[in-house]
Amino acid sequence: MKFYIYIIFLSLVFVGCSKKQDEPDDLAQIVARGELRAVTLESATSYYMIGDNEMGFDFALAQNLADQLDVELKVVIASSLNELKQMLRDGKADFAAYKVPATRSVREEFLSTNVEVMSNLVLVQAKNRKPITNVMQLIDKDVYVQRHSQYLTRLKHLNDEIGGGINIKYLSDTLTIEEIMYEVARNKIPFTVADNDVAELGKKYIKNLHIGMPISISLPKAWIVRRNAPDLDSAINRWYSDIEKSKYLRFMTQRYLNRSNYFNNFNMFVLKGNISPYDSLFKANASIAGLDWRLLAAVAYNESRFNPNTVSPNGAMGIMQ
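Numbering (numbering that gives the first Met the number 0), first residue to last: 0 to 320.
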């Protein structure tokens, strides 16, 4: 605790000096404004909503970090990993409360914190089909991945390694990996690629999934900050070192990573035939405009995941932006 008091004291001293208009936000500016801005992606392991409640492993840790720094936490949801990184570049967020794969380009542009895990990529396929057990069996097979993702990058490299032949199909970056895994389980698409930890969690709740075959070595993925925010990076690393072996972290790991109510929430709207909690509103307004109400629902889902508190990068708020 003395560390955080010392950090806050130094921050308040430094922020008393004149601040240039283009000076980047680091820890001193964060403490002065009383708000820590986290950008994340919706996923079972990072961030999601149950009713009006914000949940997720990375969200819970980010909230704990903000509490330790004695500031408010503001969460902004990006629609893709590319958008997440751009929001950091643009100064619209202070750090990513989402574990970003530590690729060479990420390491060159950002600071990777020690809030990290090791994970490899696996092939996700339906259990009720003859399984692929060797990468060479992917030749002439369709594998679906998000267009701007680490999954696509690895799949292209794998395709080169085996001499080509994998039919790489592109999906929207706005789809979550959990949604894509559901499509595999329903036999709507044959294969996709996911992080092993995410796939293992999903397998507990999504029936008919097989995730046995790795397609990469184990690599780190971590929270990241801008390179011009070294004090924030240091504060995050010191805070995480303090809680790394704590009962709090064990509890949060059990709550969100060993089990998850994210999939219960997803099932409530997807598997029972409803689209969203706002179906009646979509139907009423679609009839006035002469539109198919499901089209309105699809637009709202892509823009906000039906989260009325979603804020777009341009500042728009609500389920339709």
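If you are wondering where the hints come from, they were derived from the structure by calculation, not from laboratory data. Ideal Cβ positions, reconstructed from N, Cα and C, are used throughout, including at glycine. It is possible that part of the hints are untrue.
What the hints assert, rightly or not - Taking CB as the label site, the calculated pair distances span:
{"no.": "1", "residue 1": "Ile167", "residue 2": "Gly211", "range": "33 to 41 Å"}
{"no.": "2", "residue 1": "Gly50", "residue 2": "Phe250", "range": "38 to 46 Å"}
{"no.": "3", "residue 1": "Pro229", "residue 2": "Lys129", "range": "28 to 36 Å"}
{"no.": "4", "residue 1": "Ser217", "residue 2": "Gly164", "range": "19 to 27 Å"}
{"no.": "5", "residue 1": "Arg103", "residue 2": "Ser279", "range": "43 to 51 Å"}
{"no.": "6", "residue 1": "Ser240", "residue 2": "Met135", "range": "16 to 24 Å"}
{"no.": "7", "residue 1": "Tyr169", "residue 2": "Lys129", "range": "22 to 30 Å"}
{"no.": "8", "residue 1": "Gly163", "residue 2": "Glu243", "range": "41 to 49 Å"}
{"no.": "9", "residue 1": "Gln85", "residue 2": "Lys129", "range": "51 to 59 Å"}
{"no.": "10", "residue 1": "Gly162", "residue 2": "Ile287", "range": "28 to 36 Å"}
{"no.": "11", "residue 1": "Met117", "residue 2": "Asn52", "range": "36 to 44 Å"}
{"no.": "12", "residue 1": "Ser245", "residue 2": "Asn127", "range": "40 to 48 Å"}
{"no.": "13", "residue 1": "Ile287", "residue 2": "Tyr169", "range": "18 to 26 Å"}
{"no.": "14", "residue 1": "Pro130", "residue 2": "Ile167", "range": "38 to 46 Å"}
Hints, one by one, checked against the model:
no. : hint                        : verdict
1   : Ile167 x Gly211: 33 to 41 Å : violated (21 Å)
2   : Gly50 x Phe250: 38 to 46 Å  : violated (21 Å)
3   : Pro229 x Lys129: 28 to 36 Å : violated (52 Å)
4   : Ser217 x Gly164: 19 to 27 Å : holds (26 Å)
5   : Arg103 x Ser279: 43 to 51 Å : holds (49 Å)
6   : Ser240 x Met135: 16 to 24 Å : violated (44 Å)
7   : Tyr169 x Lys129: 22 to 30 Å : holds (25 Å)
8   : Gly163 x Glu243: 41 to 49 Å : holds (43 Å)
9   : Gln85 x Lys129: 51 to 59 Å  : violated (41 Å)
10  : Gly162 x Ile287: 28 to 36 Å : violated (56 Å)
11  : Met117 x Asn52: 36 to 44 Å  : violated (30 Å)
12  : Ser245 x Asn127: 40 to 48 Å : holds (42 Å)
13  : Ile287 x Tyr169: 18 to 26 Å : violated (35 Å)
14  : Pro130 x Ile167: 38 to 46 Å : violated (20 Å)
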